[in-house]
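There are 2 protein chains.
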Amino acid sequence: MAKKYVYFFGGRKAEGKPSQKMVLGGKGVGLAEMTNIGLPVPPGFTVSTTACGEYYENGRKWPSGLKKQVQAQLAKLEKLTGKKLGDPNDPLLVSVRSGAALSMPGMMETILNLGLNDKSVEGQAEKTNNRRFAYDGYRRFIMMYASTAMGLSKEEFESAFDQFKETVVAKRLKRKKGESVLDTEVTGDELKQLCEELKAKYKKMVGKPFPQNPWAQLEGSINAVFNSWMADKAVTYRRVEKISENEVCGTAVNICTMVFGNKGETSGTGVAFTRDPNSGKNEFYGDYLFNAQGEDVVAGIRTPVKLAELQKKNKKVYNQLLKVRSKLEKHNKDMQDLEFTVDEGTLYMLQTRRGKRTPAATFKIAYDMVREGLITEQEAVSRITPDDIERLFYPEIDTSISRQDLSDALLTVGVNAVPGAAAGKIYFSATVAETAANNGERVILVRKETSPEDVGGMHAARGILTQTGGKTSHAAVVARGWGKCCIVGCEHLEIDYKNKKMSVKGTVLQEGDFLTLNGSSGDVYKGEFPLIDPRLPKEYTQIMKWADKFRTVSVRTNADTPEDAGKAIEMGAEGIGLCRTEHMFFDTQERIDAIREMIVAETIEARIKALEKLRPFQRDDFAGIFKAMKGYPVTIRLIDPPLHEFVPHDDKGQRDLAKKIGVPYTKVKQRVELLHEFNPMLGHRGCRLAITYPEILDMQVRAILEAACIVTKKNIKVKPEIMIPLTMAGRELEILSERVRKVANSVLKENKLSKSKIPYLIGTMIEIPRAALTADKIAETAEFFSFGTNDLTQTTMGLSRDDSGRFLPDYVDEKKAGIFKNDPFQVLDQEGVGQLVKLGIKKGRSTKKNLKIGICGEHGGELESVKFCVRIGMNYVSCSPYRVPIARLAAAQQGIADSK
Amino acid sequence: MAKKYVYFFGGRKAEGKPSQKMVLGGKGVGLAEMTNIGLPVPPGFTVSTTACGEYYENGRKWPSGLKKQVQAQLAKLEKLTGKKLGDPNDPLLVSVRSGAALSMPGMMETILNLGLNDKSVEGQAEKTNNRRFAYDGYRRFIMMYASTAMGLSKEEFESAFDQFKETVVAKRLKRKKGESVLDTEVTGDELKQLCEELKAKYKKMVGKPFPQNPWAQLEGSINAVFNSWMADKAVTYRRVEKISENEVCGTAVNICTMVFGNKGETSGTGVAFTRDPNSGKNEFYGDYLFNAQGEDVVAGIRTPVKLAELQKKNKKVYNQLLKVRSKLEKHNKDMQDLEFTVDEGTLYMLQTRRGKRTPAATFKIAYDMVREGLITEQEAVSRITPDDIERLFYPEIDTSISRQDLSDALLTVGVNAVPGAAAGKIYFSATVAETAANNGERVILVRKETSPEDVGGMHAARGILTQTGGKTSHAAVVARGWGKCCIVGCEHLEIDYKNKKMSVKGTVLQEGDFLTLNGSSGDVYKGEFPLIDPRLPKEYTQIMKWADKFRTVSVRTNADTPEDAGKAIEMGAEGIGLCRTEHMFFDTQERIDAIREMIVAETIEARIKALEKLRPFQRDDFAGIFKAMKGYPVTIRLIDPPLHEFVPHDDKGQRDLAKKIGVPYTKVKQRVELLHEFNPMLGHRGCRLAITYPEILDMQVRAILEAACIVTKKNIKVKPEIMIPLTMAGRELEILSERVRKVANSVLKENKLSKSKIPYLIGTMIEIPRAALTADKIAETAEFFSFGTNDLTQTTMGLSRDDSGRFLPDYVDEKKAGIFKNDPFQVLDQEGVGQLVKLGIKKGRSTKKNLKIGICGEHGGELESVKFCVRIGMNYVSCSPYRVPIARLAAAQQGIADSK
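Just so you know, the sequences run in chain order A and B.
As numbered in the numbering used here, residues 43 to 942 make up the first sequence, in order.
As numbered in the numbering used here, residues 43 to 942 make up the second sequence, in order.
Simulated from the structure, these hints should not be mistaken for laboratory data.
Certain hints may be false.
Said to hold, decoys possible - Keeping only pairs whose Cα atoms sit at most 25 Å apart, straight-line, the calculated DSS-like set for lysine-lysine is: (1) B/Lys-858 / B/Lys-799; (2) B/Lys-709 / A/Lys-540; (3) A/Lys-490 / B/Lys-711; (4) B/Lys-375 / B/Lys-161; (5) A/Lys-543 / B/Lys-709; (6) A/Lys-880 / A/Lys-784; (7) B/Lys-542 / A/Lys-709; (8) A/Lys-651 / B/Lys-858; (9) A/Lys-858 / B/Lys-651; (10) B/Lys-784 / A/Lys-858; (11) B/Lys-884 / A/Lys-880; (12) A/Lys-709 / B/Lys-543; (13) B/Lys-669 / B/Lys-542; (14) A/Lys-880 / B/Lys-880; (15) B/Lys-711 / A/Lys-542; (16) B/Lys-542 / A/Lys-711; (17) A/Lys-547 / B/Lys-759; (18) B/Lys-243 / A/Lys-711; (19) B/Lys-709 / A/Lys-490; (20) B/Lys-355 / B/Lys-305; (21) A/Lys-243 / A/Lys-161; (22) A/Lys-216 / A/Lys-161; (23) B/Lys-55 / A/Lys-709; (24) B/Lys-858 / A/Lys-784; (25) A/Lys-694 / B/Lys-540; (26) A/Lys-884 / B/Lys-305; (27) B/Lys-213 / B/Lys-243; (28) A/Lys-357 / A/Lys-369; (29) B/Lys-791 / A/Lys-543; (30) B/Lys-540 / A/Lys-709; (31) A/Lys-884 / B/Lys-884.
The shape of chain A in the complex, shown without the other chains (with noise of 0.2 Å):
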């Protein structure tokens, strides 16, 4: 049997099935099914994304078959409607139009009236009864083949068509210079007239005149649909949205019996959504034209009415148009798009497709059509994206601004790191910003970088904006800690430390003028908008609640404070899976003076005073932090950055620390140069610190336990988790877990207290290749093991994540290298650095069988990399505050797709 490549639709009957959404696409699939269903579609027939992939294998030229599919087809629309495609008495008309399986702008759209010649079209007129009508839609019909199927300027004809209403309509119409004609006042001879003039430019920009032949005509329109399948703008949508060529091999061709809303008041056309699209209200919502074809409404030319007043005007086609929603909903277990003609009082349905919604508006259809029994808890959970959750938290600005506003205002477009909103004064420093923002202002922070030393004006500030760094830098990670909007790598961006300004592109802001960041799309606005804030709807809950339900791991949170910790218990974490100790020594000026003695210590005496001075912070940081994770298992990860992070960098700095903590000058000065590492990301960090220097090891311990035992005085459960970082032998980890371990029993001894009422555990991070590697070996000591994945891609793939921004971006674009189809640090990279989790796991449980595994990179709280973990037997997943929701969201759609 020859390959099928045309399937018809018509007569209540479609030969093409709901599966097939990638051969007919979405336009295609959705004509057959409302046809099956037997809503009233003008027939038609669908030829196949697949013969426009075949198309472009054969060098732009039609698959065998294609051909002879398409005339049998036609001759069998030709049958059904009676009527013969050029007929010069009665033609059939025809409408061509694109249909991907995936919505995919910036393809040809339409051509309308296909089937139109000097012969047919009057016949048209002659049939209709109305010259003016065929006329009209013959000059459509030339004007729209010359711009979209030939690709000659569209301006350039309907120019034409208004020099000529200019002319010769507004000669007859006796119009003073200036007054302006509309179409409907020209006539069907003068559009006749405009038809002769139009084909004549066609022929003269073409070589060839004008098709007469409605099958050149059809042929020609298809293969304008096809070619349009690789136009620029559509490759580079696909690029942008990385949908791979592998997945979509080309565009469908919808050709569909003309249906005319523009004969009269009792024609029109109008586009409807089955429900209320902003708020998800199961109300009918849309809009009509009267006397109109649906290129009109797009057009925006005419403003159309609400659909109350097609109730009123024509009920009878209103409630055959409630009962094509009703219909449709259920067959479609959504919420739809619809597209209508009404030709002359009769409703012809054109399109449906899922329409598209507000976050707000996503739950509240989710949760109503399960409480209406359309469809499953499962399914609306399901159908959640990641962007729905994240696009109700955060604040954007205010959607009245006009588009136009927003582009005069705009500076420049950074990396959109951490989506949301912001506005305030600018500030490029974190100390000043702190304090501006403690004296009430609202703060953006502007930096060419941020480090651990600018946590504080971070924290403070509304928005941080960076002129360098990837959405894996310092800044970003700590920004979507806290779900802080933050644009970085914002290159044009040029600071002036020293004279407190930055410019762009020649323009100059001083600290504390006004700037508007929208993290989410990156764009950076000069002056301040205003920005609405988010509000979570109930429907939010209920559905993350069945969430819940489904999912078969914990969700944890990455959280440094007892607030992040509070926050991210709102959020729906089930216990900390990564607490930073590091931030904690930022916290004050006294914490950075002491560990900066620390550091400075000569000997192991001088560095113990100095950490004992640190360890009653710690202790009271911790115990915060227990008690908002009211018995939640709390991570605690051991000192991890090199020690130069911690250490002033410039003179001043260094003098005034010589000076503070009585040590002469040049011994700090040596003491920093010393730090100096030439990678410190594979330098002296992690537990390698603890190796030299066991005494922090036992400081930040004590304080734990410490910690663990005020709060269990207390009556409030702890179950604190101490977690060594970046360990590559099982014999590290077994010499730093007895250290703990004796450490700890005897902070439990000294306050009575036993394991058992605090149990807690010593474990691992799993963040290089080596520990990946021999799993086995660290699994005999350690308890519990999270992988590092951050770190883990960066070992993996020999790639820092500070510098990969200059040339990762090439391997990720599709148009340069396209080496890889994601960010890996934003998207587990499964197939190199999955490899080593899976082998850590196999590895680790084949000396444990039930060995605790969890996450704790960024990617704990993206979806593919969450389901990810979910299939390969992780325990838990753990991610910042803002992110546990869509964990919980991945968690739980993976747990849906196991139970199946």
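Start from chain A and add chain B according to the hints.
Same frame as chain A, but now just chain B:
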């Protein structure tokens, strides 16, 4: 059956077997062997190393059964000798000696004359009819037992003896004050009196009387040997030599019937080597002392005579000794180091073991023994060590310089990065050093650290000394490639570039002062010591020829110049496994200017223009190397380091560059700033540069193929292998390979040559974990793999070579953390990194069954690593020229092992 702890030897029969060295210790097995082959060994028994191990497991208590077994064997010995321990009439006397399985200095040596007490000494006097002899033995026993078994101060007892001589004996002899008394002048009675004094001193110091019970003496002595196993210096020695506690569990104890070399002129004691340990000549070689005990030889109190004297004075014994020599060599198939005693004309053998020898002797002896039919060629090859080879090739400080002179001149000790010695004037700038060397000076380059810009000066210098870095720092790696003496990580060094001086703990040296380096030990000496040059014995060449027969993999070299290539061929290399192209860019000012111009270029045209300046240089370099390699394959790695390594980082350099290439200074400065990376090791380097700037790849490939064409036209075969560094994904290599192929083929076409004439290959380095993990995908394109285990170690372990010096020593130091047995940058980490190498090979060959695979990291010249590479199926190893013989040896030894 109870566990056997004690092994008897005597009466021409021994219980120990040759295979039991780990149980009996080296000395014990030698005694057993000699007994078994009929040599005259005084009978005795050996307490096994196992007993010592269990002694420690039991908390320093004898394992059950040991006492019974020692008693039983003692009874057997008493029966055989017809004497009894402690017999007041004719006592059995024994010696007690430690004897570990591996030669291990630092443990308790010897206790002689055990069995003497206040009564038996009289019996001994009577029986030997020599009161003086008997009491001198008792005196020695008391002193040895006190110092070696009880750990009392040896000086204390010796000064008691001296004082006795100065007072009692001198008085009797009427000596004047200051006139010395010889030991032999002390009479038997006086010695008896002395013994009383010594015993009193013993009692005072220990709190208990000197043991009179011979069993208590024996038990105490055995315990003393056991305890010495854990003495500080023994533990330190094992740590330094990386002898793990798992390999050897303790020391054996040898109890042996006393024989006496100090019974007059027919008695004596000697040590001998069965061949000359310096030259390796087949000549009997040794020292003899008439009328002396073994300890007198070792102590160096009296000057021994050559064996020829013994031959003259006691031909019978000498001839007997010659027979022993021949019997032992035949039996042990190796040159032996012997100890013997002649007791009133009767020869007794006390020890035999493998004799230490010079590297030259090692080769001569092995070669001669093959010629003599004693061993096979395989055995000869298997007994050579890398150290034997290395020491052949390097100059050393003249061995006639006294230890005292060296000790006086010692400034400090650094990390011994490359062995050999160097002496010359110090310079702190590579450029100045180069000029000085060109003026004929011997130069030592002293730097804080070296960078690629220093390569000229490094090459010109005799030796290199740096303040920072480990064995795989830039300085060490580059110097090793040239076999140039290098000491790194000299932490006490302070260098003042500005004032051209250095200081070490107060000693200041100016530019031009002399320094001598011993790269083998890491010692740095003030002043210039004479050096002696290496000489290669002809037996070396012969044995390496044999080695090449047993090899199953080929050995290539890492070489970047025709000189290095030529040197490597001399050393036996069969190709270049790694030719780094970036060193070439530093060769002349013209080149470095061109590459800098390329880096600063803002347009692709400007970049290509600059690259075109470099192309002729690269082409000529490659042509030179191809010629030198005479048809062997040459693997050329495309540019690898990040571009910031090429640009000037100082203001002046940037201004000069700006002027030279006609670009504003600010542009140059800005570009250099942009190139800064936080973790350059994981940054924009390797093939990532070629993805961003494919024109660099184009230039290099063109230069390679043009050179190949030029050399081919001169009728020299050329086999270029183009190697792409830092690949992390199959698609990445695919893109770059296509580009390489396109350029290469077009050069071939221009030159009217075909690929069959120049069969170039395109392959890749596997040097980041992801490459190994996805090697199956990469092998779809790659024509060969070369494992870059330097970088693979860095990424797999998350360890920066340049920074790890701060903490890695703790990881390798068994006394500290002891996590790794070896520095993973020196010896391949088979457990971790090795897993990825194995996986990469497996996956690569799953795609291409016969994929050619090699290694080109530093490990390619290290014994155990090379053996591992051979075992896991690599086709070749590649290392620096001076390590080629070691790689050949290692490959041969593994080949021999595998053929068994």
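Hint check results:
1. Only pairs whose Cα atoms come within 25 Å are accepted, and B/Lys-858 paired with B/Lys-799 is rejected, the gap being roughly 58 Å.
2. For the suggested pair B/Lys-709 and A/Lys-540, the alpha carbons sit about 20 Å apart, so the restraint of at most 25 Å is met.
3. Simply put, A/Lys-490 and B/Lys-711 have alpha-carbon atoms about 17 Å apart, close enough for the 25 Å limit, and the pair holds.
4. Note on B/Lys-375 and B/Lys-161: the hinted pairing is violated, with a Cα-Cα distance of about 47 Å set against a maximum of 25 Å.
5. Restraint check: the Cα-Cα separation between A/Lys-543 and B/Lys-709 comes to about 21 Å, which is no more than 25 Å; the hinted pair holds.
6. For the suggested pair A/Lys-880 and A/Lys-784, the alpha carbons sit about 32 Å apart, so the restraint of at most 25 Å is broken.
7. With a C-alpha separation of about 22 Å, the suggested pairing of B/Lys-542 with A/Lys-709 holds against the 25 Å cut-off.
8. Pair hint A/Lys-651 plus B/Lys-858 holds up; C-alpha atoms about 23 Å apart against a cutoff of 25 Å.
9. For the given pair, A/Lys-858 sits about 23 Å from B/Lys-651 by alpha-carbon distance, which is consistent with the 25 Å threshold.
10. For the suggested pair B/Lys-784 and A/Lys-858, the alpha carbons sit about 18 Å apart, so the restraint of at most 25 Å is met.
11. For the suggested pair B/Lys-884 and A/Lys-880, the alpha carbons sit about 18 Å apart, so the restraint of at most 25 Å is met.
12. A hinted pair counts as satisfied when its Cα atoms are at most 25 Å apart, and A/Lys-709 with B/Lys-543 qualifies at roughly 20 Å.
13. Between B/Lys-669 and B/Lys-542 the CA atoms are separated by roughly 42 Å; this puts the pair beyond 25 Å, and the hint is violated.
14. In summary, the hint linking A/Lys-880 to B/Lys-880 is supported, as the alpha carbons are separated by about 18 Å, within the 25 Å threshold.
15. As the CA atoms of B/Lys-711 and A/Lys-542 are separated by approximately 22 Å, the hinted pair is consistent with the 25 Å bound.
16. Of the supplied pair hints, the one linking B/Lys-542 and A/Lys-711 holds, its CA atoms being roughly 21 Å apart against a limit of 25 Å.
17. Restraint check: the Cα-Cα separation between A/Lys-547 and B/Lys-759 comes to about 57 Å, which exceeds 25 Å; the hinted pair is violated.
18. Our distance criterion of 25 Å between C-alpha atoms is broken by B/Lys-243 and A/Lys-711, whose separation comes to about 58 Å.
19. A hinted pair counts as satisfied when its Cα atoms are at most 25 Å apart, and B/Lys-709 with A/Lys-490 qualifies at roughly 18 Å.
20. This hinted pair checks out: B/Lys-355 and B/Lys-305 have alpha carbons roughly 16 Å apart, not beyond 25 Å.
21. Restraint check for A/Lys-243 and A/Lys-161: the C-alpha separation of about 19 Å stays at or below 25 Å, so the hint holds.
22. For the hint linking A/Lys-216 to A/Lys-161, the alpha-carbon distance of about 32 Å lies beyond 25 Å, and the restraint is violated.
23. The straight-line distance between the Cα atoms of B/Lys-55 and A/Lys-709 is roughly 70 Å, outside the 25 Å bound, and the hint therefore fails.
24. As the CA atoms of B/Lys-858 and A/Lys-784 are separated by approximately 18 Å, the hinted pair is consistent with the 25 Å bound.
25. For the suggested pair A/Lys-694 and B/Lys-540, the alpha carbons sit about 23 Å apart, so the restraint of at most 25 Å is met.
26. Of the pairs offered as hints, the one joining A/Lys-884 and B/Lys-305 is violated, with about 73 Å between alpha carbons and a cut-off of 25 Å exceeded.
27. Under the criterion of a C-alpha separation no larger than 25 Å, the hint pairing B/Lys-213 with B/Lys-243 is consistent with the structure, at around 22 Å.
28. For the proposed pair A/Lys-357 and A/Lys-369, the alpha carbon gap of about 18 Å is at most 25 Å, so the pair holds.
29. Between B/Lys-791 and A/Lys-543, the direct Cα distance comes to roughly 58 Å. Violation of the 25 Å bound is thereby established for this hinted pair.
30. For the given pair, B/Lys-540 sits about 20 Å from A/Lys-709 by alpha-carbon distance, which is consistent with the 25 Å threshold.
31. A hinted pair counts as satisfied when its Cα atoms are at most 25 Å apart, and A/Lys-884 with B/Lys-884 qualifies at roughly 19 Å.
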